[in-house]
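> Based on the hints, put chain D in the right spot on chain L.
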Amino acid sequence: MGRVVKTKIEIEGEVHEETVVVERDEPKPWEAGREFDIVGKPLNRVDGRERVTGAARYTYDIHPAGMLFAAVLRSPHPRARIKSVNTSKAERLPGVRAVLSLNNAPDIPWYAGASKLFDDEVRFIGDEVAAVAADDHDTARDALGLIGAEYETLPFVADIEAAARPDAPQIHPQGNVLKDDNGHEGELYSRGDAARAIKSADVVVECTYRTPTALHNSLETHGAVAMWEGDELTIWESTQAIFLVRSRVASVLNMPVNKVRVISEYTGGGFGSKSGPLKQTVIAALLARSTGRPVKLMLDRREENLLAGNRGQTIQKLKLGAKRDGTLVGTDVEVLFGVGAYGTWTPVVAGPAQELYKCPNVRTHTVGVRTNFGTHSSFRAPGFVEGTFAFESAVDELCEKLGMDPLEFRRKNYAPRDQAANQDYTTKYLLECYDKAAALMGLDPKATLPRQGSLGSKGAWRRGIGIASQTWGGGGGPPAHAYVRINPDGTVEVMSGTQDIGTGTKTALSQVVAEELGVKMKDVRFRLGDTQTGPYAPTSWGSITIPSVGPAVRSAAQDARQQLVDIASYFMEVPAKRLVVREGAITIEGRVESRRLIRDILSELGDYMITGKGFRGPNPPQPLRTWGAQIAEVEVNLALGQVRVLRVAAVHDVGRVINPKGLASQLYGGILQGMGYAITEERIVDEGSGSALNPNLEEYKVPTIMDIPQMLAEGVDKPDLQANHIGSKGSGEPPIIPTAAAITNAIYNAVGVRVREIPVTSRRLLDALAEQQGKGSPHA
Amino acid sequence: MRNFAYSKVSSANEALTALDGHGQRQLIAGGTDLLSLMKSEIVSPDALVDISAWQEGVGIEARDDGLHIGALTPLSHLAAHDTIQASYKVLSDACGLAASPQLRNMGTLGGNMLQQTRCWYYRGPHDCWLKGGDTCFARDGENQHHAIFLNQPQISPCVSAHPSDPAVALLALGARVKLISPEGAREIAIEEWFALPEENRRNFVALPPNSVITEFVLPLPPHSTRSIYLKAMERAAWGFALAGVAIYVESEGGIIRTARVALSGVAPIPMRAKEVEARLMGASTRNIDGEQLAEALVEGANPLSQNRYKIALLRGLFSEALAGVLA
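Taken in sequence, the protein lines are chains L and D. Going by our numbering, 639 is the number at position 639 of the first sequence; the sequence numbering is gapless. Going by our numbering, 260 is the number at position 260 of the second sequence; the sequence numbering is gapless.
Keep in mind that the hints were calculated from the coordinates and are not lab data. One thing to keep in mind: the hints can contain errors.
No farther apart than 30 Å at their CA atoms in a straight line, the calculated lysine-lysine pairs in the DSS-like style are these [unchecked claim]: (1) D/LYS131 <-> L/LYS83; (2) D/LYS89 <-> L/LYS458; (3) D/LYS39 <-> L/LYS89; (4) L/LYS89 <-> D/LYS131.
In isolation and in its complexed conformation, chain L is listed as follows (with noise of 0.2 Å):
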């Protein structure tokens, strides 16, 4: 029997406090230096053959006999009280099955109590009014065009600084800011007196930065295939949560848990939007109840675009303080973050100002406001990626006046220890991202950078090289768990109820595995994405699920191992803790004649299985950071105000390296994904009609295979044993939160132009060229 013990927990920047039961010893910590046979080796993807292949399944591709169609009659109004809904001759249409809105769908309660599956009020253009299923999707897309809703349209508010105003529409009884636990608007953090520290300072930055709602566009978009067997229900969804969908939708639907089956083998990528279950998964299930039929309902790109979250936009309001020596004093930050019609919390915007550089004296405010726009979610990173643009920035910015370089502002108000918490790191080794940084840019590490201008100019072409650090949790914590069977014939099967969202969790916590248990990877075969078949796994997010499930599954694999020993003791006639298990098979320690396969003792037993469980012990009490720091080169045309990132060198202190490749592709992602967010991505708006005009790929622009900059990416790879036992961190999430102002603190450097809102396009660029021109414009 274990024993049960309070940890902490850090997701996203919110630590928690969770009880958790500790089942037994955890394996011994795989201690630095150790040499590995497949653990830290650039393997390819386990499963890389059948993503490029389209043998994969994705949710997309599910296709059960029977099975019917759906799609959603969708708010044209940014915000409106519906009428009434008359679905008679949508009912009538040949084909339809099903018809499903505020008329006869359950009452069921959804954004926190905010609003209702069908509500009679929609709040953002995309808010759901009614659902059809049919024999096919043209037909479902036609019985919409019958459905007949009348709208009392209602005031609306499109704009964050307008929303926050106590005159604008309130789209909420409880009104559109959002308060603390103790009623007050937003969140505040303070430590010293940052108000006086600043006004003391010998250097005084006060700028304020602005960043885009930004789209997950997930290559996948959201969605679900519901399907019942008698009164059990079964729900393929592309997640990150497959037992979060089935809690939830057992919640909603008054079912017990062990009735409802979540799958997600494959998910075509998530990014934090797919964190639990979207309307859509309820209504498939309700519509697959009521026809006795399958039914898919999966998002287009424009409802992907409009309702299935984002990045929130913001406004952020800095001031830094700084003497003469460059030692940082005190910071005040100010952030507004819009978190569309139905949010109810906001991400930690300011982390990055409290954390990432010491500094004695800090004070943040941010406060959340609701606007008539789809509702905000996680998007990897949350909060952290517009907090490190906005601070990272506005420290380049007091580098550049107090005439100090930006790397050794950095070395020298390093933060040894974690001032919210007062406590020391288990691991920080942010000094030696930045000296492996500099190095894999032509660098001499300890160096600085070259000043504004210094790198030379070629036509209108200018060339900056810009700096920026991050910090993330990642560190994970129980509950995970896994099994682990070993086969008759030697092959190993790994339970777990985790996801791949694309990040390579499936290789990673198979080389975990193999390594562990003495096996082959091909003897290997990891099944995830299953509530039926895996015990508890955590959401895919928070860059938690390396360092949650990778202990579990090694823990389980220890306790296969442990089991395996003993029997071959019996068989081999010596004592288990004389054997080793390596590449499938045993051996008395130094006497290779002895070794014998692991399928060759095991068939001694006939149809016998051995099944190891493993789980995720507490974590340490001190707190888990990952680290990193990037530099950019870009090249700037001064002329167009055309931006091209050249390279991007971004090393990053997340633990042990599982998988070199693994990890270098997560890096790849990251940086490509901060890079859309500084200089091309951005929904539009159209304020007058409470409108987004680009939810879609042609006007949404992510960066394309011909903007992609060379890229050198590694992990500092030193593992973090008061972490877990395996001693790595997540690094989903870390390499997208410093690009963005790598990159845009190089644009300064190429021009000596500060564009304080992102992303910096030709039209914000050649703008901002031509205010600090003072011309305004040649022809105004």
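Just chain D, lined up with the frame of chain L:
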């Protein structure tokens, strides 16, 4: 997408017959633009006449009177064609910079001349003037991508910017368009093809009803011609022109005899810069004040609330293009 009748034809004449009938009938070739318009139900024809199987519609052939390009020739062929790269570079530049490889493989030169505007109000659910409504929402709305020329209300009720890259290349080359209609075959200058929209004709092409483009003819160039197309986009590929500049010059003994300059992405239709052309003609190629010409180019620009930057952008792009074509 609404339901529609579908027929497939194998020649331009068959297409003409198939277009003659009840309801709104529309030709489809590559379908790269039409299908997306139909999916978002901005355009809902009763019948589609698929002309993509017309084999003679594809091809590039040098004849005595010039280079003939079949209307169905995909942009990717034009971008990669030796003769075009050598003698009509502005066209291979423009086709190579258009869209993405997949779209260039499907999209035809004929279809490209009928490409609809990318204005997000037109492409979205707004009931804008171009779609038959009363208002151009971009005029006082989100207009960073929109026109800086020919956008005054009395000139064009729609302020969108024309998206076609190949169109300005054809303008710069002085191309001719051959088409057939129930009234017979005719040939017009590419200049006459595009027309600013009017109250009773809310599109950008003055096309006789039920016409089919059969081919384009590029005049034989004299030996010393040079041409170029440059385009500014918001990312390195797959972006519509924020601005595009096509320049064609014929010179003799260092003196420019003929010059044509055409602009994309800055006016509701592809636009010639005749003032600049006039200043170029007769000038010595070694003695051209590019900066002054760039100023002349943007004279008369009428920026909207969010697109003043296009003036600087166009100046910069023109200077670079001019330097490139004179180099």
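> Take the hints in turn and mark each one as holding or not.
These are the hints, each one checked on the structure:
{"no.": "1", "hint": "D/LYS131 <-> L/LYS83", "verdict": "holds (29 Å)"}
{"no.": "2", "hint": "D/LYS89 <-> L/LYS458", "verdict": "holds (25 Å)"}
{"no.": "3", "hint": "D/LYS39 <-> L/LYS89", "verdict": "holds (22 Å)"}
{"no.": "4", "hint": "L/LYS89 <-> D/LYS131", "verdict": "holds (27 Å)"}
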